[in-house]
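Here is how the chains run, residue by residue.
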Amino acid sequence: DTAVSQTPKYLVTQMGNDKSIKCEQNLGHDTMYWYKQDSKKFLKIMFSYNNKELIINETVPNRFSPKSPDKAHLNLHINSLELGDSAVYFCASSQDGAHYGYGYTFGSGTRLTVV
Amino acid sequence: SQQGEEDPQALSIQEGENATMNCSYKTSINNLQWYRQNSGRGLVHLILIRSNEREKHSGRLRVTLDTSKKSSSLLITASRAADTASYFCATDDSGNTPLVFGKGTRLSVIA
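These protein sequence lines are chains A and B, in that order.
FYI, in the working numbering the residues of the first sequence are 1 to 115.
FYI, in the working numbering the residues of the second sequence are 1001 to 1111.
Worth double-checking, as some hints may not be accurate.
As the list claims (entries may be wrong) - Here are the computed lysine-lysine pairs in the BS3-like style, where the Cα-Cα straight-line distance is at most 25 angstroms: (1) B:LYS1056 - B:LYS1103; (2) A:LYS36 - A:LYS71; (3) A:LYS40 - A:LYS71; (4) B:LYS1026 - A:LYS41; (5) A:LYS44 - B:LYS1103; (6) A:LYS40 - B:LYS1103; (7) B:LYS1056 - A:LYS40; (8) A:LYS36 - B:LYS1069; (9) A:LYS9 - B:LYS1103.
Just so you know, the hints here were simulated from the structure itself, not pulled from any lab data.
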């Protein structure tokens, strides 16, 4: 019974296309996140979102936008894909942020390749 | 911005040996966490240590935290081939901001 699930697992697309990655969590967590992991394994926060607040990393291009239809879902939409967007994207969730003392639960990742 | 810096970047040991990884960070924290990532998989939460704790154990894992030096270490005792993975530290800075991850240590345990 997958706790945080992402689809698709692999995504190959051409430059300039628009694509979405879906994320769902069945843990009842309040906060969800999107992280980008580059080829050197560096994990960078892109967004965090709960019912009340969207926190955007200011370095994320506005071509990236999170969309949350409900508490259990946080999808990532990317417009006008560029070669540099190629990376592994991870969705994660937590109960009211890390400061409550619980860790994050991660999805298995979506490997995006822009050609 | 990046907070944690793991050291070493890569570590190769024989099965049965202990593995020690270090993490340094820059700002004050509420807690520090360690995660494991197997190749091609997501990150898995291993252990959390709060800023007022100095040491914590979980099975073969031992984590220490020195807030005066802004550093933490993860010790895996009696390593196994299945421990082969990348290990990341992550800091929570007391606010409502997301975890900030370090660059990770790649551990290879040779059978």
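Here's how the hints hold up against the structure:
Proposed proximity of B:LYS1056 and B:LYS1103 is supported: the alpha carbons are some 22 angstroms apart, at most 25 angstroms. Note on A:LYS36 and A:LYS71: the hinted pairing holds, with a Cα-Cα distance of about 21 angstroms set against a maximum of 25 angstroms. Between A:LYS40 and A:LYS71 the CA atoms are separated by roughly 32 angstroms; this puts the pair beyond 25 angstroms, and the hint is violated. With a C-alpha separation of about 20 angstroms, the suggested pair B:LYS1026 and A:LYS41 falls inside the 25 angstroms cut-off, and the hint holds.
Taking the CA atoms of A:LYS44 and B:LYS1103, the gap is about 10 angstroms. The hint holds against a cut of 25 angstroms. For the hint linking A:LYS40 to B:LYS1103, the alpha-carbon distance of about 8 angstroms falls within 25 angstroms, and the restraint holds. For the suggested pair B:LYS1056 and A:LYS40, the alpha carbons sit about 29 angstroms apart, so the restraint of at most 25 angstroms is broken. Restraint check for A:LYS36 and B:LYS1069: not satisfied, since their Cα atoms lie roughly 29 angstroms apart, outside the 25 angstroms limit.
Distance hint between A:LYS9 and B:LYS1103 is fulfilled; the C-alpha atoms sit about 23 angstroms from each other, no more than 25 angstroms.
In the structure shown, a violation is registered for the earlier hints numbered 3, 7, 8, in ascending order.
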